[in-house]
Amino acid sequence: MNSESYPSQILESAVKEFSQLPGVGKKTALRLVLFLLKQEKNDVLRFADSLRRLREEIVYCKSCYNISDAELCDICASPKRDHETVCVVENIKDVMAIENTQQYFGIYHVLGGVISPMDGIGPDDLMLKPLIEKVEEGKIKELIFALPTTMEGDTTNFYLYRKFGDIEVKITTLARGVSIGDELEYTDEVTLGRSLVNRLPFEKTL
Amino acid sequence: MFLKHLHLINFKNIELAQLELCEGINCFIGSNGAGKTNMLDAIYYMSFCKSFFNPIDSQNIRHEHDFFVIQGTYNLNDEKEHVYCGLKKGVKKQFKRNKKEYDKLSNHIGLLPLVMISPQDERLIVEGSEQRRKYIDSVISQYDRAYLEHLINYNRVISQRNVYLKNLKALNKAAHDMLDVWDFQILELGKKISKARALFLDELKPVFLEMYNFISGEKEVVEFAYKSHLNDDDFEVALRESRERDMILGYSTKGVHKDDVDFRIGGYPIKKMGSQGQKKTFLIALKLGQFKFLAEHKNRKPLLLLDDIFDKLDTQRGDRLIELVGGDFFNQIFITDTQLNRIKPVLRKINKESRIFMVEDGEFKQQ
Ligand SMILES: [Zn+2]
Chain A
78 MNSESYPSQI LESAVKEFSQ LPGVGKKTAL RLVLFLLKQE KNDVLRFADS LRRLREEIVY
138 CKSCYNISDA ELCDICASPK RDHETVCVVE NIKDVMAIEN TQQYFGIYHV LGGVISPMDG
198 IGPDDLMLKP LIEKVEEGKI KELIFALPTT MEGDTTNFYL YRKFGDIEVK ITTLARGVSI
258 GDELEYTDEV TLGRSLVNRL PFEKTL
Chain B
86 MFLKHLHLIN FKNIELAQLE LCEGINCFIG SNGAGKTNML DAIYYMSFCK SFFNPIDSQN
146 IRHEHDFFVI QGTYNLNDEK EHVYCGLKKG VKKQFKRNKK EYDKLSNHIG LLPLVMISPQ
206 DERLIVEGSE QRRKYIDSVI SQYDRAYLEH LINYNRVISQ RNVYLKNLKA LNKAAHDMLD
266 VWDFQILELG KKISKARALF LDELKPVFLE MYNFISGEKE VVEFAYKSHL NDDDFEVALR
326 ESRERDMILG YSTKGVHKDD VDFRIGGYPI KKMGSQGQKK TFLIALKLGQ FKFLAEHKNR
386 KPLLLLDDIF DKLDTQRGDR LIELVGGDFF NQIFITDTQL NRIKPVLRKI NKESRIFMVE
446 DGEFKQQ
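Each protein sequence line maps, in turn, to chains A and B. In terms of the working numbering, the first sequence is residues 78 to 283. In terms of the working numbering, the second sequence is residues 86 to 452.
Same shape as in the complex, but just chain A (with noise of 0.2 Å):
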């Protein structure tokens, strides 16, 4: 479609602006905008209203560079959460994640990604200062690693690990191995292998 078949500039310029959303074409944008239209007027209103928030008022907690709606993020500033044991994780998303599970009762710190130059993320561009500032003062006691099980994954914890190799802190990473409802037969090798070797005692299963 061309922009001559608008009937009129402001839908044009509405759609340009869907169709800028990952995975969103100019069709897709063309749909959901007529539907906008459709809708009652104080409920688009208000769908206007909270992506104007998201991108104001929305900031990173200053702690853990999770997002927040303050200062410090829900987490960070609860007194029930075990100041003294961080999580380390890739983005938002893996906070969600591991939030999900109801089983993690310490705080966070969110890298925003992992070492990889070539996606142009050196390890000057890790959110560490924090981490690294909390770390020095003795305030942590245990460091999660949860970073992805790739090898730039691996590359970040070699790096971090160094990074607070000379200080006293307990480091641990996630288990890695064969995952619950797995059948052992359609396990791949890699996976099952790693499992073998990192086995547990049983009672630990329990």
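Watch out, some of these pointers could steer you wrong.
[To be verified] Below are the DSS-like pairs computed for lysine-lysine, each with C-alpha atoms no more than 30 Å apart in a straight line:
(1) B:Lys258 to A:Lys211
(2) B:Lys173 to B:Lys450
(3) B:Lys178 to A:Lys103
(4) B:Lys254 to B:Lys280
(5) B:Lys276 to A:Lys240
(6) A:Lys240 to B:Lys254
[Stated by the list, open to error] Example chain A residues on the side facing chain B (calculated, C-beta under 10 Å, incomplete):
(7) Pro200
(8) Asp201
(9) Thr227
(10) Thr232
(11) Phe235
(12) Tyr238
(13) Lys240
(14) Glu266
If you are wondering where the hints come from, they were derived from the structure by calculation, not from laboratory data. Ideal placement from N, C-alpha and C gives every residue a C-beta, glycine not left out.
Guided by the hints, dock chain B with the ligand onto chain A, whose structure is given.
Just chain B with the ligand now, kept in the frame of chain A:
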């Protein structure tokens, strides 16, 4: 294990082919460029998820078409295995086993072991070290999945380090801290890779010698001398000291990605001193040794693909080769040749089921 049925659409110069194959010897006979080697390549594709000859997938599609399909039905321990490979221009390659798409193609490598002997093998002797590394890696990957994983990771470490070095302005403390990490990974992954390569060459040598002496009818001293930076006493120091040079060059100069193996006969490099006959025998023995090695490791006899090899051997060596592959040790075999009257007497000497397909202009007709 054997390939029972093969179905191709638009693969290289083959518009359509549907072949019923036998468990013994299958021959593709036709003039050069008719498409017989393309058929071998399609069989190779199903084992390795890529072409033996052209690594750019889209270039294996028939001219002026936008997709190809290769489908094979195998008999594996008396069970049917269906393998599907489809490629459409601009779309990710689809690779399926029994209608289920693979998460990672590397999970397929090794399921259908295969050894191809081709005139291209000459590259292993005449060309640079990369050819020999590729060869060694492709054999080990067929029986050691962890090796393939280490290799993929190792190559990624090298690529990341190279990009980092290219953008690096000064070799300061921060840069050294970062390079320490990659060097540690180069060392740890490199040790695993190097150990597996050395072990493979050690184990391959006796089976190789057995084949070599059988085909040549001679007893020669043949050596595989494995060369790796990792075997140097002070590899860690050398790696560290290479940083400045690597930064200037923009790539990593030390590590197992520079490994090589020196093939020697009677103490001399075969590349320089070997006769044409010795070189050919060497390459065939290398591949047949690999066959035996894989068969033992996988407890499954690989498919054997012989591309135009009788053309290059003298009668005596050719006869010994036929005697060898005609034996029970080999199972399903694919042979290409330009001349029917050269292949017919070969088949008569072998006590195995056989089928002949005549190939003309990409079309296959069973005789
Ligand atoms: Zn926070």
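How the hints compare with the structure:
no. : hint                 : result
1   : B:Lys258 to A:Lys211 : 22 Å, holds
2   : B:Lys173 to B:Lys450 : 27 Å, holds
3   : B:Lys178 to A:Lys103 : 27 Å, holds
4   : B:Lys254 to B:Lys280 : 35 Å, violated
5   : B:Lys276 to A:Lys240 : 24 Å, holds
6   : A:Lys240 to B:Lys254 : 22 Å, holds
7   : Pro200               : 5 Å, holds
8   : Asp201               : 7 Å, holds
9   : Thr227               : 8 Å, holds
10  : Thr232               : 6 Å, holds
11  : Phe235               : 5 Å, holds
12  : Tyr238               : 9 Å, holds
13  : Lys240               : 8 Å, holds
14  : Glu266               : 4 Å, holds
Consistency note: the structure conflicts with earlier hint 4 alone.
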